[in-house]
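J.: So the protein lines, in turn, are chains A and B. My numbering puts the last residue of the first sequence at 251; the count rises by one with no breaks. My numbering puts the last residue of the second sequence at 276; the count rises by one with no breaks.
No lab work stands behind these hints, which were simulated from the structure alone. Where hints are given, some of them may not hold.
Claimed, not checked - Dumping the calculated DSSO-like pairs for lysine-lysine here, alpha-carbon to alpha-carbon at most 27 Å:
| hint | chain 1 | residue 1 | chain 2 | residue 2 |
| --- | --- | --- | --- | --- |
| 1 | B | LYS117 | B | LYS138 |
| 2 | B | LYS138 | B | LYS119 |
| 3 | A | LYS98 | B | LYS119 |
| 4 | B | LYS117 | A | LYS98 |
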Amino acid sequence: MDARMMLATAGRVLDQLRHDRRSIALILVVPALLLTAVYYLFENEVLPPGMPRTFDRVGLMMLAIFPFVVMFLVTSITMLRERTSGTLERLLTTPVHKADLLFGYGLAFSIMAALQSMVATAVAYWIFNLDIEGPTGYVVMIAVINAVLGVALGLLCSAFARTEFQAVQFMPVVVVPQILLCGLFVPRDRMNDVLESVSNVLPLTFSVDALQEIAAHPEATEQLWQDAGIMAAIVLAVLVLAALTLRRRSA
Amino acid sequence: MSHAATRPQLPDSSAAVAASGLMVSRGRLQVLRGLDFTVPAGRITGLLGPSGSGKTTLMRAIVGAQIVASGTVQVLGMPAGNPILRHRVGYVTQSPSVYPDLTVEANVRYFGAMHRKGKADAAEAIAAVGLEREARQKTASLSGGQLSRASLACALVARPRLLVLDEPTVGLDPVLRADLWSRFRSMAEAGTTLLVSSHVMEEASHCHMLLLLREGLLLAQLTPEELGRRGHSSDLEQAFLSIIRESGGGNGDQPPPGDPGRHQGLRGAGNDRSAR
Numbered sequence: 001m002d003a004r005m006m007l008a009t010a011g012r013v014l015d016q017l018r019h020d021r022r023s024i025a026l027i028l029v030v031p032a033l034l035l036t037a038v039y040y041l042f043e044n045e046v047l048p049p050g051m052p053r054t055f056d057r058v059g060l061m062m063l064a065i066f067p068f069v070v071m072f073l074v075t076s077i078t079m080l081r082e083r084t085s086g087t088l089e090r091l092l093t094t095p096v097h098k099a100d101l102l103f104g105y106g107l108a109f110s111i112m113a114a115l116q117s118m119v120a121t122a123v124a125y126w127i128f129n130l131d132i133e134g135p136t137g138y139v140v141m142i143a144v145i146n147a148v149l150g151v152a153l154g155l156l157c158s159a160f161a162r163t164e165f166q167a168v169q170f171m172p173v174v175v176v177p178q179i180l181l182c183g184l185f186v187p188r189d190r191m192n193d194v195l196e197s198v199s200n201v202l203p204l205t206f207s208v209d210a211l212q213e214i215a216a217h218p219e220a221t222e223q224l225w226q227d228a229g230i231m232a233a234i235v236l237a238v239l240v241l242a243a244l245t246l247r248r249r250s251a
Numbered sequence: 001m002s003h004a005a006t007r008p009q010l011p012d013s014s015a016a017v018a019a020s021g022l023m024v025s026r027g028r029l030q031v032l033r034g035l036d037f038t039v040p041a042g043r044i045t046g047l048l049g050p051s052g053s054g055k056t057t058l059m060r061a062i063v064g065a066q067i068v069a070s071g072t073v074q075v076l077g078m079p080a081g082n083p084i085l086r087h088r089v090g091y092v093t094q095s096p097s098v099y100p101d102l103t104v105e106a107n108v109r110y111f112g113a114m115h116r117k118g119k120a121d122a123a124e125a126i127a128a129v130g131l132e133r134e135a136r137q138k139t140a141s142l143s144g145g146q147l148s149r150a151s152l153a154c155a156l157v158a159r160p161r162l163l164v165l166d167e168p169t170v171g172l173d174p175v176l177r178a179d180l181w182s183r184f185r186s187m188a189e190a191g192t193t194l195l196v197s198s199h200v201m202e203e204a205s206h207c208h209m210l211l212l213l214r215e216g217l218l219l220a221q222l223t224p225e226e227l228g229r230r231g232h233s234s235d236l237e238q239a240f241l242s243i244i245r246e247s248g249g250g251n252g253d254q255p256p257p258g259d260p261g262r263h264q265g266l267r268g269a270g271n272d273r274s275a276r
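Extracted from the complex, chain A is given alone in its bound form (with noise of 0.2 Å):
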C-alpha cells in the first residue's frame, strides 16, 4: 500500500468524473426526485393513530439503496472501460499496488456517495419531513458503507463482464434481490424460511437493519455498531476478492 498512489488513484477517478457534468447531476438530483415520487406516492395513505407514514420507513431504506445501486453500475462500468481499454494492464506494469488501486476507486466513490446521500437525505429530512430517532450523520455513513459496498461489487463483477452490455447485466443478478430480499417490501420476519435465510447472508440487509436501528433509537445501538461492522467486513472481502481478479500476468 501507498498512501500517495492510492490518492492519486482516487483524484484521477474523481477527475473523470468531473468530467462528465452529466454523470455528476444524475448522480446527486436522480435520488432526490425518486425520493420526491415516493414521498407523494404514499401522500393520500390513511393510518390509524400512532402508525408511522410508510414514507418514513420505504424512504428511510431508499436512502441506502440508491447509492448501494448507483455506485455499483458506475464501478462495473467505469472499471470495465479500464479493462478493456488497456490502462489496467499498463497500471498493472507500473510499481502500483492492486490495493492502491481498489481503494483509490473505494475512496472517490465513496466522496460521491456521501455528496449523494447528504443531497438525498437534506431533501427527506428537511423537504418531506422524514420521522426517525436517531441523528442523521448515522444514515450518511450508512449510506457511504452501502455505496462502497456497490464499488467492491462492481469492481469484482466487472471481471466477469467482457462489454459494458454484459456489465449492466449484472444489476438484476446482483443488485435486485439483495433490493427485494432486504425487507423493503415484506418484512424479513415474515418471509418463508428460504428467503429469510437467503436475506440474512445478504450484505443489503444488514444496512437496512441498521438504518432501521437508526430510526427507532435516539442514540446509536450496540446493534447498529455490529450491522456496520458486518458491512465493513462483506465490503473487505469482496474488495480482496475483486484484488485476486486483477492479474499481472494473462494469457
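Mind docking chain B on chain A? Use the hints.
T.: Okay, now just chain B, sitting in the frame of chain A:
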C-alpha cells in the same frame, strides 16, 4: 557515447534482455515457439515481423504481463515480472492506453505518480513528445498520432531504463515519425534501452539491432547492415522476404513461391488470432 552507430557490438553480459527457449502458448496455439535472443543495453532494437508473428506477445513476456509456457526471460539482470522491474521498465501498448476523458497532462501526471514523479517530470515528458500545446486538451479530442504520442509520454515520465514500444509509429506522418526516431536515438545515447516493434521494414534502418520474427519463430538476430547483406538487397523489406524464403525450406506454411508480393508476403501470412 555520441556516436551510437560506431560503437562495437556489446557482449551478452551487458544485454538488457536475454531470452532462452521462450515459449508461449495461447490455448492450443503456440504463439512463441522457443526463442533465444538478446537485446543489447543502451541501443535501439527493432522487433520486426508481419502482423500476427508474435511481436506483442514477446513484448508482453518481457514486461512480465504474459504467462510463459517455458523458457526464461531475464530483464536488466532479473527474471521478467520481478516487482523491482516495474520501476525500471516502461511499456507502451499498440493501441494507446490512456484515459480519454482526462487531459494529456492529467494522464501523464497520473502515470507519473505511480513512479513518484511530479509536475515537472510530466511537463518534460509532454514536451518530449511535442504535445505542449495539447497538454490541457482531453485525449479523446486528439488525433490518432497525437494520441499515441500521449500514450508514449505516459511511459517516458517514469524515465524507464528499458522502454518497450509496440508499434509506436503507426499512423504517424513522416515528419513526426522522423522526430520520434531521433527522440529514440537520443534516449539510447543517454543510456536507455529501447525495444521497438514495427511491421514496416523501412523502420529497421533506424535500429542498431534487429530481431526478425515470423510465426512465433526468430528468423534472425542481426544488424540492419547484416540484413541487407544476407538478404542481398539494400531494400530491407526485400531482404527480409528473401531471408524468409531461405529459412523457409523445411517450413510447410510458407506463402506459395509464386507469390512474392511485398505486402502480402509480410502482412498476410501471419496468424490473425495471435495478433495481440
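J.: Evaluate each hint against the coordinates.
T.: Going through the hints against the structure:
1. Restraint check for LYS117(B) and LYS138(B): the C-alpha separation of about 21 Å stays at or below 27 Å, so the hint holds.
2. Between the alpha carbons of LYS138(B) and LYS119(B) the distance comes to roughly 17 Å, so the proposed pair stays at or under 27 Å and holds.
3. In summary, the hint linking LYS98(A) to LYS119(B) is supported, as the alpha carbons are separated by about 24 Å, within the 27 Å threshold.
4. For the proposed pair LYS117(B) and LYS98(A), the alpha carbon gap of about 19 Å is at most 27 Å, so the pair holds.
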